[in-house]
Amino acid sequence: MESAAIIDPPMITPVSLPQQQVASGSEPADVAPERPPAFAVERLSIFYGEKKAIEDVTLTIPSKMITAIIGPSGCGKSTLLRSLNRMHELAPNTRIEGKVLFAGDDIYAPEVDPVVIRRRIGMVFQKSNPFPTMSIAENVLVGLKLNGVRDRAFLRERLEQSLRMAALWDEVKNDLHKPGISLSGGQQQRLCIARAIAVEPEVLLMDEPASALDPIATAKIEELIHELSANYTVVIVTHNMQQAGRCSDYTAFLYLGRLIEFASTTKIFTNPSERQTEDYITGRFG
Amino acid sequence: MAPPSGLGDKVFKWFTLAMALAVVALVFLVGWQLARGSSLAIRRFGFHFLATSTWDPVAEQFGALPFIYGTAISSLIALIISVPLSIATAVYLTELAPLWIRQPIVSLIEMLAAIPSVILGLWGIFVMIPWLRDHPFPFLKKIFGWTPFFSGPIYGVSMLAGGIIIAVMILPIITSVSREILRSVPNLQREAAYALGATRWEVTRIAVLSYAKKGLFGAVILGLGRALGETMAVTMVIGNTPQIRASLFAPGYTLASVIANEFTEATTDVYLQALFEIGLVLFGITILANLLAQLLLKTMGSTIKSGAVQ
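Going down the list, the sequences are from chains L and G. For the first sequence, the working numbering assigns the number 1 to the initial residue and increments by one for each residue that follows. For the second sequence, the working numbering assigns the number 1 to the initial residue and increments by one for each residue that follows.
If you are wondering where the hints come from, they were derived from the structure by calculation, not from laboratory data. One or more hints might be untrue.
No farther apart than 25 Å at their CA atoms in a straight line, the calculated lysine-lysine pairs in the DSS-like style are these [to be verified]: (1) L:Lys64 - L:Lys220; (2) L:Lys51 - L:Lys99; (3) G:Lys142 - L:Lys178; (4) L:Lys127 - L:Lys267; (5) G:Lys213 - L:Lys178; (6) G:Lys141 - G:Lys213; (7) L:Lys127 - L:Lys99; (8) L:Lys99 - L:Lys64; (9) L:Lys145 - L:Lys99; (10) G:Lys10 - L:Lys127; (11) L:Lys220 - L:Lys173; (12) L:Lys178 - G:Lys10; (13) G:Lys214 - L:Lys145; (14) G:Lys213 - L:Lys145; (15) L:Lys127 - G:Lys141; (16) L:Lys267 - L:Lys64.
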């Protein structure tokens, strides 16, 4: 029954050169790898009304890797994350300066529809938010249905594939018609991840995805994030430094809206260039 | 030594309990009074009171069916008109309208609720009825005249006019309750939909309306409760003719209107008792509608929660 064909990683050209194993201690290069970056953020400033939340941030987010954004509360890490798929615009009176290039295109160009951007760049939130009136299956497939997909066989296949990728299939395969909110907190969060990947985005943005979960559920989510990075670019905001250290390849440290340091996670955690980074990492403030 | 401050809490508990019981008692008292006041009519006419259409005080023949029909149909018309309008307004106010425009519109809607019923009735007689008679009604007759609902002579005063005026009166309550309901939908739900690349309409549909549908249903029932009992303005425009006609252009009569119109004329015991029984029927219908709504809400709730236990 466990047919491997269905779980084939979706989409996108396979990576030809075997990338150096990042997670296993060997240090990745400090500069982004050869592959074209997923995002190039250029001199980005973000304003909420008069308040400047992000100031003059420039960084390159590598594709198919996990990039963590860390920093103390209120440093703008969520805003920076949300600016990558224009979710921050849901707040009133936002304004940006600078550019965000995604796969080479400026996502803030006037002709770009944020709806299209968000279909390519999915998001998972701090608190799990399945749609309470929908079943588990409906929750996973809602994005595809929004896109007009009606082919039942295709939907069924994608349902299983997404739930497998979110490491939830075995737990729910007999309860697909049950409400999404009948699951436990950790399962709900994985359901939300399944919902986000069902539409086959190119990037997953995660806003403190495990901060509301217990340690066991957190470990599952972290493991899942690691597996997802084989196929997706993952950008994760976390206030949990151990989490950033455990599961990311690159780390950006943000303080008061400014990017203090961006480097490979190993370097940030063992040999940061900036004094402020070191102070934060070692717990002297934050 | 006094026991540690138990007395204050006890007084507080019994006082609030008494107040709560008083409300319940009031409902039963009203029902009981209505039943007692109409006991003679109930005994004399029995079930015929609900099932016959003759309303003839001189011959002492009383049948409430046209009034029941009138109340039901005028309320139904009111709901058909006001529910889409109210919910659309509430959606606009919570999801789409620019912030600066929201409060003024909300205030205006609340002002509509503050207009005394009799003034709305006057406006109905002198402005709405002539306009309906000259423009929308002939238009409706031209297009839908082949159905029984929009045929026959147009007088102006009519079941349809009654329904429209009730719609105006229940619009504010449904709108403001719906707005509160929609405002209580967590932003996280909207964000979930936006993050999937949903458009504004799709966000409203999958994240907001479906989340809020139970509450919105409650808002509609609240409006229905008002509609069933609405008296003054309806009395002024519905035509006050106890008859059952398929045509919405024909005059009708409602339970509330007949009580208001005829209480002063009720000279005989049976007449007065018949009016009391009308009151009892209206009381019963309103309570029934509420109970039914709660039952419906329960089944809606259980479809959401079914299988919540693993």
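Verification of the hints:
For the given pair, Lys64 of chain L sits about 20 Å from Lys220 of chain L by alpha-carbon distance, which is consistent with the 25 Å threshold. Simply put, Lys51 of chain L and Lys99 of chain L have alpha-carbon atoms about 19 Å apart, close enough for the 25 Å limit, and the pair holds. For a cut-off of 25 Å, the pair hint linking Lys142 of chain G to Lys178 of chain L is broken: about 50 Å separates their Cα positions. A C-alpha spacing of about 30 Å is found between Lys127 of chain L and Lys267 of chain L, which places the hinted pair above 25 Å, so the restraint is violated.
A C-alpha spacing of about 19 Å is found between Lys213 of chain G and Lys178 of chain L, which places the hinted pair at or below 25 Å, so the restraint holds. For the hint linking Lys141 of chain G to Lys213 of chain G, the alpha-carbon distance of about 35 Å lies beyond 25 Å, and the restraint is violated. Simply put, Lys127 of chain L and Lys99 of chain L have alpha-carbon atoms about 29 Å apart, too far for the 25 Å limit, and the pair is violated. About 21 Å separates the Cα atoms of Lys99 of chain L and Lys64 of chain L, which keeps this hinted pair within 25 Å; it holds.
With a CA separation close to 32 Å, the supplied pair Lys145 of chain L and Lys99 of chain L exceeds the 25 Å bound. Among the hinted pairs, Lys10 of chain G with Lys127 of chain L is inconsistent with the structure: their alpha-carbon atoms are about 42 Å apart, more than 25 Å. For a cut-off of 25 Å, the pair hint linking Lys220 of chain L to Lys173 of chain L stands: about 18 Å separates their Cα positions. With a CA separation close to 46 Å, the supplied pair Lys178 of chain L and Lys10 of chain G exceeds the 25 Å bound.
Of the supplied pair hints, the one linking Lys214 of chain G and Lys145 of chain L holds, its CA atoms being roughly 23 Å apart against a limit of 25 Å. Distance hint between Lys213 of chain G and Lys145 of chain L is fulfilled; the C-alpha atoms sit about 21 Å from each other, no more than 25 Å. Proposed proximity of Lys127 of chain L and Lys141 of chain G is contradicted: the alpha carbons are some 55 Å apart, above 25 Å. Taking the CA atoms of Lys267 of chain L and Lys64 of chain L, the gap is near 19 Å; set against the 25 Å cutoff, the hint holds.
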